[in-house]
Amino acid sequence: MIEGWENMSSDQRQEAFLAKWVSGEGIEFAGDEVKAAYAYRAGLIRDAAKLKKTPERTPVVVLSTFAPTMLAGCPAKKAMYDPEALGKVWVDFARDYDADTSGNPALVMYGPPLEILDYNLYKWPGHGIKEEQGYQFLEKPYMKAEDYDHFIADPTDYWFRVWFPRTHGALKGLAALPPVYGTMELPAAGPWLATLGAPPVQEALKALMEAGRASFEWIGKLLPYMGRILSSGYPMYAGGFSKAPFDVLGDSFRGTGELMMDLYRRPEKVLEAVDRIVPLMVGLGSGMAVANNNPLVFIPLHKGADGFMSNQQFEKFYWPSLRKVIVGLAEKGCVPLCFVEGGYNQRLEYLADLPKGECIFIFDRTDMAKARRVLGGKSCIGGGFPVSLIMTGSPKEVEEETKKLLDRAAGDGGYILSIGCAMDDAREDTLKAFIQTGKKYGKY
Amino acid sequence: MQELVNAIVEMMENDALALTKKYLEAGTPPMQIVDAYKEALKIIGQRFEQGTYFVPELILAGEMMNAASDLIKPYISAEEGKGGGSAKVGRFLLGTVEGDIHDIGKGMAGMLMDINGFEVKDLGVDVPAKRFIEEARQFQPDIIGLSGLLTLSYDSMKQVVEALKEAGMRDKVKVIIGGGQMDEHACQYVGADAWVTDAVAGIKYALGWMGK
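Those protein sequences? They're chains A and B, same order as listed. Residue numbering for the first sequence follows this note's numbering, beginning at 1 and increasing consecutively. Residue numbering for the second sequence follows this note's numbering, beginning at 445 and increasing consecutively.
This is chain B alone, in the form it adopts within the complex (with noise of 0.2 Å):
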């Protein structure tokens, strides 16, 4: 099993992909194969916050797991596909705010996330603040992470964080911005506990505020 997950960690996406097959063909206990994915994702999201691994690593990461998945699936019994998911670290609402629809960093963001252990939710790009408030009443987010790379999006963000509060929901989240105009000025201006330029520094707060 060692040797899907370097094949996974070393990026030799053809060969990882052959010996899930393998093992799978050769009557392995599918979920032994998925903790390995599991497994090679977590060195793979650690050398991506070293610094060692960009936005190739990961994306080409996200793919081979997504690969995986579909070859797996068939073998995994509903009772095993329910279960087995380890405790999560805590629950993250993600999206990008409206008059916005870039969503490369809110991808990463919701991917590192989802490999640190959180239950992430993504809602996607141009969201209204309406929307933010609908499902973080249905999701009970720990974590609300607004997205933007528009300076149009100061407004856009501050109107969310106006709206949790305006909902009585602000001192029971925590709120972080994210994307390439963001900085301590922004983030004042929106009422943000944080702001980030990049998803690595994201996970940093997020595990912080989980007390992890």
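If we strip away everything but chain A, and leave its shape as in the complex, we get (with noise of 0.2 Å):
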């Protein structure tokens, strides 16, 4: 606990958490040498997150989830079930890239639970999905349309025994399980406790038992490697995982084509809905956060872009809860950094609308000209760098946008280097260019 937290303001405290980031506390540095490169690195990010200071230069972040491995010639199967190669790559991937911060390898997942758990809601190589290529998500309404009374009543008792059972079919007995109220008084103990007996729900424990012995064992693998990314000098860009409300329902619960026709037909119960699960995703956020010492909390947006829905139905559906997430986890401390997926031309005068310096934005496709003149000196933004050039581009002309970029977009600080995609592949001499050119020119 950080002394005088209770009276303090989001800003001292997102200020305190990320003095906290930037110190290193708990890392084991190989020197002081690599202790100064860290703080430098976090430092970067911060006072572009904070707009109080300009930074020495813009930092340069990149997005990744397969691309370390794939660069390395490790293919995404492999990436997925063993964790010393897993880790290994990502280790030499900040070391040899040497961009400002790195990711979170854990992120790839294993592979193994998810076959235990049988699990439906993404593809992963071996699994529908080619050896070589990363997971993809496969949307379906998971949640039917009378579903939306209980998941605003109790959305974990709808998780555990609606949405567990349809999404993971190893856990299809838990559908069997009555809610766990009862357990407050003996004489209504017994229902639940017995239902745990039953051979279906057992099945389930069992599964849910194994698939937990796997990811442990799993994690303790990764996580020495995850420690020599961060004694070797480099931040990580997440310390938690967090969504905007109506992407959750959209993405892992209604659907996209559901959901957007409930706008219509049950418009209540989708403002409701956003509503209730606004604290769930400050938690989630804000707990990984405090576990993993890093007050960034990656937000990816989904289904608020331009062209989803009309400006309307955005400040409506999608933009409050957002916001009250995005202030919330301000309001422990966290750093929301939300990757705007798509484009926001039409949207960028609502994220205008937040304290100045509390969050951070990323952009894929929005003009980043635009973001600078609506959301310059009110939030950090960054982003904008076409992932096609990476992919297909020669260095020089990677060199070229990316100077570009920097003048229509670093300003005076505030400003974080980045591609618009968190990367499933790349190539090396461009995105070194990228990189390079990011630290070279970037300088304020």
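Simulated from the structure, these hints should not be mistaken for lab results. Errors might be hidden in some of the hints.
Here are the computed lysine to aspartate or glutamate pairs in the DMTMM-like style, where the Cα-Cα straight-line distance is at most 20 Å [as the list claims (entries may be wrong)]:
(1) A:K440 x A:E400
(2) A:K144 x B:E628
(3) A:K123 x A:D424
(4) A:K140 x B:D547
(5) A:K396 x A:D429
(6) A:K404 x B:E457
(7) A:K396 x B:E628
(8) A:K130 x B:D599
(9) A:K130 x B:D547
(10) A:K403 x B:E457
(11) A:K123 x B:D547
(12) A:K140 x B:E507
(13) A:K403 x B:D627
(14) A:K269 x B:E457
Reassemble the complex: the two chains are provided individually, in unrelated frames, and hints are given to aid placement.
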């Protein structure tokens, strides 16, 4: 706990949490020089985020999923089944590409527990996807229209007893469980406990035990590598993960088509549901951030982009609950890092309605000059570099484009240079050209 | 009938279905009702193109159309069902390329092309180059739309274009690529004729190519 925390404002809490993060507390650095390099890199992010001081240069952040393993010739399947191979590749990637931050290799996930649970929400290499390719989301209306009231009354209960059985084949048995509430009194505890003993429930619990054991072993093998990334001087660009409530509902529960129709068919239910998700998403992001001693909470934004809905719909269904998550995370001292997928050219004015310097927006296809104009001095912006050029361009073209982007977007601080995509793949020469150009020409 | 058109256009789903039932039961010629839906869909398409309607309206319109055709079908004779289709603007073959299973954007593109008078054949997701070629031989499209969200789709799209060249079909069709990470760099790499990140832009290219 940080001293004086109770009486601090969001801004002060963010500053305190960021200072703790920048100090590298708890990390065993190889030496003072490495520790200083870590503090320098994390300090660039802090200064860009808080808008109080122009950093020495713009930080360079490469959002990545499978790119580090792909670049090292390690197929995606191996990355998801061999934590040591995965860890080693990520340690090498941080050092060899030398961006200012590393991603977290744990988000590549581990294949065996997904197999044990018969996980249906994604396809992954070797399971519906080629062994060389990263995982892909399989969106379906896992939540039915008539489920809204249950979801709203108790999302966690719904999650366990309805959503798990529908999205994890091995957890079908959980559907037989009664709610836990009876356990508050001895005479009513029986039904809950007796059902736990029923064979299908036992099978589901066994699967959870087994998946948990496999995952525990996996993280045990991966953690030393994550420690090495940090101790070699590279802070991670995400300490926690969260999502916009509308995306939670749309991506994992109702599916895009159904949710979009719900805006007409049952708008009040949608509003109640997204509001119900707000505290869950604040708790998720801040809990992970505290556990990882890193205030940055990564929030990928999906279904509020230009073209998905009108500004009126965005203003009613998407933005208010997202704003509450952002503000809620900031109140916990976390720094939300929204990865704004697609274009947000029609939405920038909404994003401008936040307290100064409390949130970071990394853009994908948004016009960066416009983003700078609307959000400059209000929130830190980032991104805007086309991944297509990394994949198909020459190092020279990448260098030119990086310089142009810096001219448009870097301003006098409050900018993080990054590619507008969490990369599944990349090319060595162009990616290195991007990072090096950013460091060289991103000086203020 | 204007009442029905309005109900559909204004997304009053229950009213639209109730009116459809009412007209059918009153003995209104079913093709007249079908025409009302077509007219409404056209207006919805226009609003989408003007940027006042978005994904929710397009998807709901599609649902209303499906529900209506289930209601109307029993009233239509085999003859009416077969004929009555107006002349098509052109043929559009569509699919998400190999390795990619995303389909929301593809679905919207297909629907808007249909509204704009194209005969659309949608091959689904994760479609290998070979299948595009086989289907193109059969269907003889004027335009092939390749959809993909992931960067890996660049290579899959390129393979389709290469395969079209090998089959001697490249100069007979226009190829348009669509998806969140498409731009001029990707277009050049793939060897497509146009790239788009939204379905409306795609319609404009398609109609332009067909001289409309």
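Outcome of the hint check:
1. A hinted pair counts as satisfied when its Cα atoms are at most 20 Å apart, and K440 (chain A) with E400 (chain A) qualifies at roughly 12 Å.
2. A hinted pair counts as satisfied when its Cα atoms are at most 20 Å apart, and K144 (chain A) with E628 (chain B) does not qualify at roughly 40 Å.
3. Proposed proximity of K123 (chain A) and D424 (chain A) is supported: the alpha carbons are some 15 Å apart, at most 20 Å.
4. Restraint check for K140 (chain A) and D547 (chain B): the C-alpha separation of about 11 Å stays at or below 20 Å, so the hint holds.
5. For the hint linking K396 (chain A) to D429 (chain A), the alpha-carbon distance of about 10 Å falls within 20 Å, and the restraint holds.
6. For the given pair, K404 (chain A) sits about 49 Å from E457 (chain B) by alpha-carbon distance, which is inconsistent with the 20 Å threshold.
7. Taking the CA atoms of K396 (chain A) and E628 (chain B), the gap is about 17 Å. The hint holds against a cut of 20 Å.
8. Distance restraint check for K130 (chain A) and D599 (chain B): the Cα-Cα separation of roughly 14 Å lies within the 20 Å cut-off, and the hinted pair is therefore satisfied.
9. For the proposed pair K130 (chain A) and D547 (chain B), the alpha carbon gap of about 18 Å is at most 20 Å, so the pair holds.
10. A distance of roughly 51 Å separates the Cα atoms of K403 (chain A) and E457 (chain B); the hinted pair therefore is violated under the 20 Å criterion.
11. Taken as a hint, the K123 (chain A) and D547 (chain B) pair is honoured in the structure, with Cα atoms around 14 Å apart against an allowance of 20 Å.
12. For the hint linking K140 (chain A) to E507 (chain B), the alpha-carbon distance of about 16 Å falls within 20 Å, and the restraint holds.
13. At most 20 Å may separate the alpha-carbon atoms for a hinted pair to count; K403 (chain A) and D627 (chain B) meet this at roughly 19 Å.
14. In summary, the hint linking K269 (chain A) to E457 (chain B) is supported, as the alpha carbons are separated by about 17 Å, within the 20 Å threshold.
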